[in-house]
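Note that the protein sequences, when read in sequence, are chains A, B and C. Numbered per my numbering, the first sequence spans residues 1 to 309. Numbered per my numbering, the second sequence spans residues 1 to 196. Numbered per my numbering, the third sequence spans residues 1 to 438.
Each hint should be verified, as a subset may be incorrect.
[What the hints assert, rightly or not] Here are a few chain C residues that face chain A, going by a calculated C-beta distance under 10 Å: (1) Ile-167; (2) Gln-196; (3) Gly-204; (4) Glu-325.
[As the list claims (entries may be wrong)] If we take Cβ atoms under 8 Å as the criterion, some of the chain A residues that face chain B in the derived model are: (5) Ser-3; (6) Thr-43; (7) Ser-57.
[As the list claims (entries may be wrong)] Label pairs and their calculated CB-CB ranges: (8) Gln-149/C <-> Glu-240/A: 44 to 50 Å; (9) Arg-36/A <-> Phe-177/B: 48 to 54 Å; (10) Gln-149/C <-> Asp-93/A: 20 to 26 Å; (11) Asp-320/C <-> Leu-234/A: 47 to 53 Å; (12) Glu-180/B <-> Asp-35/A: 22 to 28 Å; (13) Thr-58/A <-> Arg-166/B: 32 to 38 Å; (14) Asp-71/B <-> Asp-35/A: 55 to 61 Å; (15) Ser-137/B <-> Glu-55/A: 19 to 25 Å; (16) Arg-121/A <-> Ile-436/C: 49 to 55 Å; (17) Glu-33/B <-> Ala-76/A: 47 to 53 Å; (18) Arg-166/B <-> Glu-89/A: 39 to 45 Å; (19) Glu-168/B <-> Thr-97/A: 32 to 38 Å.
In case anyone wonders, no lab produced these hints; they're calculated from the structure. Because the structure is a prediction, the values reported are computed rather than measured. Cβ atoms here follow ideal geometry from the backbone N, Cα and C, with glycine treated the same way.
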Amino acid sequence: MASIKRKDILSLREMDLAEMELILDTAESLREIIDRPIKKVPTLRGKSIITFFHEASTRTRTSFEMAAKYMSADTASIAASTSALVKGESLKDTALTLQAMGADCIVMRHGVSGSCHFLSRLVDAKVINAGDGTHEHPTQGLLDMYTIRKHKGHLDGLKIVIVGDVLHSRVARSDIWGLTKAGAEVSIAGPATLLPEGMREVGVKSHIHLEEALPGADVVYVLRLQRERQSKGLLPSLREYARLYCVNARRLSLAKPDALLMHPGPMNRGVEISSEVADGAQSLIVEQVTSGVAVRMAILYLLLGGASE
Amino acid sequence: MPEAEVSKLGVEVKATIMDREAVRRALFRIAHEIIEHNQGVDNLALVGIRRRGVPLAARLKEIIKEIEGRDVPMGILDITLYRDDLSSRLEQPLVRSTAVPFTLDEIKVILVDDVLYTGRTIRAALDALMDLGRPQSIQLAVLVDRGHRELPIRADYVGKNVPTSRREVVAVRLDEFDGEDAVVIEEYGVLGGEVS
Amino acid sequence: MTLLVKNGWLLDPASGQITQGDVLCRDGSIVAIGPDAAATAPDCGAPVEVLDAAGMLVTPGLIDMHVHLREPGFEYKEEIATGARAAAIGGFTTIACMPNTSPVLDNAAMIAFVRDRAAQQAIVNVLPIGSVTKNLAGNEMAEIGDMVQAGAIGFSDDGKPVWNGEIMRNALLYASMYDRPILTHSEEPYLAEDGQMHLGAWSGVFGLRGIPAAAEAAMIARDCMLAELTKGKLHICHVSTELSLSAINWARSRGVEVTCEVTPHHLVLTDKLVGDSGYDTNTKVNPPLRATTDVAAMVEGLRCGAIEVIASDHAPHSFDDKDVEYNYAANGIIGLETTLPIILTHLVHAGKVDLATVIRAMTLAPAKVLGLERKGRLAPGMDADLTVIDLDATWRIDSAKFASKSRNTPFAGWEVQGLAVATVVAGRVIQRAGQICV
Chain A
1 MASIKRKDIL
11 SLREMDLAEM
21 ELILDTAESL
31 REIIDRPIKK
41 VPTLRGKSII
51 TFFHEASTRT
61 RTSFEMAAKY
71 MSADTASIAA
81 STSALVKGES
91 LKDTALTLQA
101 MGADCIVMRH
111 GVSGSCHFLS
121 RLVDAKVINA
131 GDGTHEHPTQ
141 GLLDMYTIRK
151 HKGHLDGLKI
161 VIVGDVLHSR
171 VARSDIWGLT
181 KAGAEVSIAG
191 PATLLPEGMR
201 EVGVKSHIHL
211 EEALPGADVV
221 YVLRLQRERQ
231 SKGLLPSLRE
241 YARLYCVNAR
251 RLSLAKPDAL
261 LMHPGPMNRG
271 VEISSEVADG
281 AQSLIVEQVT
291 SGVAVRMAIL
301 YLLLGGASE
Chain B
1 MPEAEVSKLG
11 VEVKATIMDR
21 EAVRRALFRI
31 AHEIIEHNQG
41 VDNLALVGIR
51 RRGVPLAARL
61 KEIIKEIEGR
71 DVPMGILDIT
81 LYRDDLSSRL
91 EQPLVRSTAV
101 PFTLDEIKVI
111 LVDDVLYTGR
121 TIRAALDALM
131 DLGRPQSIQL
141 AVLVDRGHRE
151 LPIRADYVGK
161 NVPTSRREVV
171 AVRLDEFDGE
181 DAVVIEEYGV
191 LGGEVS
Chain C
1 MTLLVKNGWL
11 LDPASGQITQ
21 GDVLCRDGSI
31 VAIGPDAAAT
41 APDCGAPVEV
51 LDAAGMLVTP
61 GLIDMHVHLR
71 EPGFEYKEEI
81 ATGARAAAIG
91 GFTTIACMPN
101 TSPVLDNAAM
111 IAFVRDRAAQ
121 QAIVNVLPIG
131 SVTKNLAGNE
141 MAEIGDMVQA
151 GAIGFSDDGK
161 PVWNGEIMRN
171 ALLYASMYDR
181 PILTHSEEPY
191 LAEDGQMHLG
201 AWSGVFGLRG
211 IPAAAEAAMI
221 ARDCMLAELT
231 KGKLHICHVS
241 TELSLSAINW
251 ARSRGVEVTC
261 EVTPHHLVLT
271 DKLVGDSGYD
281 TNTKVNPPLR
291 ATTDVAAMVE
301 GLRCGAIEVI
311 ASDHAPHSFD
321 DKDVEYNYAA
331 NGIIGLETTL
341 PIILTHLVHA
351 GKVDLATVIR
361 AMTLAPAKVL
371 GLERKGRLAP
381 GMDADLTVID
391 LDATWRIDSA
401 KFASKSRNTP
411 FAGWEVQGLA
421 VATVVAGRVI
431 QRAGQICV
């Protein structure tokens with residue numbers, strides 16, 4: 001039987017395709033639970049899952065909590081603003097405290113890349129990376145793969161264009177790893193100051209001009225642009241970015257007519273994406289959210305549902 | 001306890017207790033019994049338990065259609081999430097989808113499975129059904145009852161009662177999965193193959 | 001006190017030749033060298049200690065000119081005494097220590113403090129390096145002349161660049177009056193700001209902010225141009241990129257006299273290790289571990305002599321300084337006890353750089369940069385500082401056994417070949433078979 005070969009879900013770059021597909025297949029089976037009148041299965045009863053969000057997030061944290069509760073697990077949540085971290089307790093001590101309280105699984109989001117690897121070395125609990133610095137956001141990558149596969153039936157051979165601030169995007173990185181391992185052709189598009197080096201070495205083409213990147217795309221994936229990029233001198237203004245890179249109806253029409261439009265949320269409407277396409281027929285942005293719960297249920301089941309070694 | 005998927009190493013077929021014809025007749029009889037006991041097929045639904053309960057339920061649906069000329073709705077139930085033995089298994093079973101695309105309220109559900117053994121699979125199936133709705137009643141149809149119940153569960157419709165020892169495995173083979181219809185008894189052989 | 005080192009393979013870096021013979025030391029100096037050294041020297045009746053070096057390589061005492069001893073101020077990471085013991089275990093007889101202590105070594109009193117402390121507690125020679133600017137703030141030149149008289153061997157703001165060009169210019173000019181080198185940590189501070197690793201394909205993959213090679217090379221170019229302008233004595237610390245070496249070679253082509261050093265980790269490890277090690281903070285160092293092409297350029301630079309010196313940049317940090325998330329971990333790798341085995345294993349035994357070149361880079365070359373006329377060579381009249389090396393011994397680096405107070409090395413657990421089996425300072429055997437014997 002297929003299984004997850006590891007204690008934690010830290011990065012898609014370190015996982016192999018079989019593990020990712022197992023998660024997607026399991027998510028497929030669990031998806032209908034969300035539509036039931038009684039959204040509950042007893043599978044993870046008695047397991048405790050702590051969400052530890054050192055960086056603020058409502059949507060990912062809530063998604064994990066809902067997934068855990070649907071599987072009958074107990075959840076507790078720590079947000080950075082109210083935690084001892086602000087008072088100066090180190091991540092290390094917080095982690096050991098959580099473990100001492102019996103946490104079976106810690107879901108962490110943190111501003112420093114590699115911090116989930118650090119956490120995983122400290123605790124016996126399973127660690128799920130909900131976003132570490134600019135390194136990876138593996139559950140987002142998986143839910144994106146799930147959503148695309150659901151609509152297109154497969155991932156290999158698809159042409160996927162990621163638009164925006166790839167340099168600072170952990171979502172983009174996870175998507176790149178997961179989708180290229182699944183055989184898709186991924187390219188990125190954005191201003192030169194927001195694209196990372198070395199993408200060609202991993203088989204990803206970079207484009208400066210959106211009009212060159214989009215033709216033939218099966219999926220257009222739009223990244224959020226953070227306002228602070230302007231203050232750090234990477235962009236002259238958000239207005240200029242919007243003029244040159246905002247994915248609107250005209251630009252989206254350059255892609256295939258049945259292309260999917262996706263965004264990890266939350267959106268800056270009018271900056272990186274126009275409301276017209278965000279709310280339009282090709283948009284899967286809302287569905288991504290539901291996929292997220294299903295994928296996270298699958299991950300929790302696969303990590304926690306079996307025997308603890 | 002759901003059947004262990006025994007590796008083919010170290011397992012030998014001891015006896016064939018039902019052949020294709022026997023399976024066919026048993027299903028035919030069960031279908032008649034269901035219709036008779038429920039005085040028709042009103043408010044009836046079949047729910048097959050993955051995996052082999054599913055083709056059996058499909059066949060019962062076909063036979064009932066032949067007899068009564070009516071379509072009985074059929075659903076598919078995966079009980080993996082409700083198993084009581086998950087935390088003691090080293091390798092996790094694959095979760096497959098559950099699809100019961102009709103309301104269960106006021107419905108008389110006929111659960112269908114291939115072999116009734118300890119009763120734990122049925123216990124899990126009952127919990128799963130209760131999470132999906134509130135059936136009027138639940139009845140159980142199995143192709144083989146091999147005894148050794150560990151819970152107070154009984155079948156309403158049985159294809160064949162087969163007394164077995166715990167060392168034996170009752171394997172139902174169906175065209176849809178195995179390319180033949182038969183019920184065989186396998187025993188862990190001299191090679192000492194281990195059950196996972 | 002007479003010491004006879006018998007029957008070793010003697011390597012004199014001045015000639016690069018290896019000959020078999022003895023070294024006779026008396027009263028802290030080498031008096032005779034050769035196959036029958038004991039006979040050639042006049043007997044003065046003193047007892048002779050004999051160190052049998054049969055089958056071993058005997059070199060001038062190794063010199064590490066870039067070491068952080070952390071005293072005063074950071075004694076929890078290292079002290080002069082413990083650093084000196086680590087040096088002795090590693091085969092080093094002379095170390096030069098950087099001024100980024102607390103308080104900073106920016107005046108004669110602090111230089112004297114280090115010298116006195118070393119005289120009392122250090123079993124190897126410790127030469128203090130003074131700072132270029134007061135308090136390392138980069139705003140005003142420190143009292144360089146006064147520090148020279150107190151015994152400072154050179155000047156550096158290491159840890160930071162002297163980013164104000166006018167101050168660097170004046171410091172080069174001023175220090176040249178005393179024939180002392182300015183040892184630079186060349187780094188353009190804004191390009192390197194917040195950087196965690198080398199800027200390249202891997203920094204993008206691992207999600208860590210990268211420091212471009214240009215941050216180092218651009219500042220090196222500036223420093224070399226100022227050396228040209230002032231004719232000062234410039235030494236570039238921890239060169240790490242191919243681009244930097246190109247800048248140095250270009251300056252040399254214009255006649256600039258500039259020397260440079262490279263660390264063992266920049267000769268062996270690459271930036272990919274940061275992620276491959278699971279973000280092990282023992283890979284976090286400044287300058288960061290660089291790309292494969294840079295490592296190759298450093299090895300070639302050492303081989304052909306463009307890089308004259310190997311120096312460890314021994315940077316001790318406590319467990320708590322390192323056992324945090326990558327961005328918050330302190331920069332630095334310790335090196336006194338790992339430099340020799342790592343260099344021998346991965347350069348000499350690997351056939352990349354010959355033994356004589358490597359030994360020269362750790363003896364004669366740093367002696368020349370620091371103006372130590374009686375060190376770095378095996379010849380009568382030189383100081384009796386010797387290192388006895390077993391080139392063949394294979395062993396595994398066990399950081400738990402280090403004499404240093406700190407353990408922050410990425411080489412923990414590595415299998416290596418080559419070991420300093422004895423260390424001699426001023427004619428006294430201070431380390432033998434891994435044990436301090438004074």
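Checked hints:
At about 27 Å, the closest approach between the beta carbon of Ile-167/C and any beta carbon in chain A exceeds 10 Å, and the interface hint on this residue is violated. For the restraint placing Gln-196/C at the interface with chain A, the shortest Cβ-Cβ distance is roughly 8 Å, inside the 10 Å limit, so the hint holds. Satisfaction of the interface hint for Gly-204/C is found here, the shortest Cβ-Cβ separation to chain A being roughly 3 Å, below the 10 Å cut-off. Among the interface hints, the one on Glu-325/C holds; its C-beta lies about 4 Å from the nearest C-beta in chain A, closer than the 10 Å criterion.
Evaluation of the Ser-3/A hint against chain B yields a held restraint, the C-beta minimum of about 6 Å falling below 8 Å. Given the 8 Å rule on beta carbons, the hint for Thr-43/A holds: about 4 Å separates it from the nearest Cβ of chain B. The closest approach between the C-beta of Ser-57/A and any C-beta of chain B is roughly 27 Å, which is over the 8 Å cut-off, so the hint fails. For Gln-149/C and Glu-240/A, the Cβ-Cβ distance of about 60 Å falls outside the hinted range of 44 to 50 Å, so the restraint is violated.
For the hinted restraint 48 to 54 Å between Arg-36/A and Phe-177/B, the CB-CB distance of approximately 28 Å leaves it violated. Take Gln-149/C and Asp-93/A: their Cβ atoms lie about 49 Å apart, and the range 20 to 26 Å is violated. Here the CB-CB span from Asp-320/C to Leu-234/A is close to 34 Å, at odds with the stated 47 to 53 Å. The given range of 22 to 28 Å is broken by Glu-180/B and Asp-35/A, whose C-beta atoms sit roughly 37 Å from each other.
Distance hint for Thr-58/A and Arg-166/B: a CB-CB separation of about 53 Å, inconsistent with the stated range 32 to 38 Å. Look at Asp-71/B against Asp-35/A: about 24 Å separates their beta carbons, and that is not inside 55 to 61 Å. A beta carbon spacing of about 52 Å between Ser-137/B and Glu-55/A contradicts the range 19 to 25 Å that was offered as a hint. About 34 Å separates the C-beta atoms of Arg-121/A and Ile-436/C, a value inconsistent with the hinted range of 49 to 55 Å.
Between Glu-33/B and Ala-76/A the beta carbons are some 52 Å apart, a value that agrees with the proposed interval 47 to 53 Å. Separated by about 55 Å at the C-beta atoms, Arg-166/B and Glu-89/A break the suggested range of 39 to 45 Å. Take Glu-168/B and Thr-97/A: their Cβ atoms lie about 52 Å apart, and the range 32 to 38 Å is violated.
Violated hints, listed in ascending order, are 1, 7, 8, 9, 10, 11, 12, 13, 14, 15, 16, 18 and 19; each of the other numbered hints is respected by the structure.
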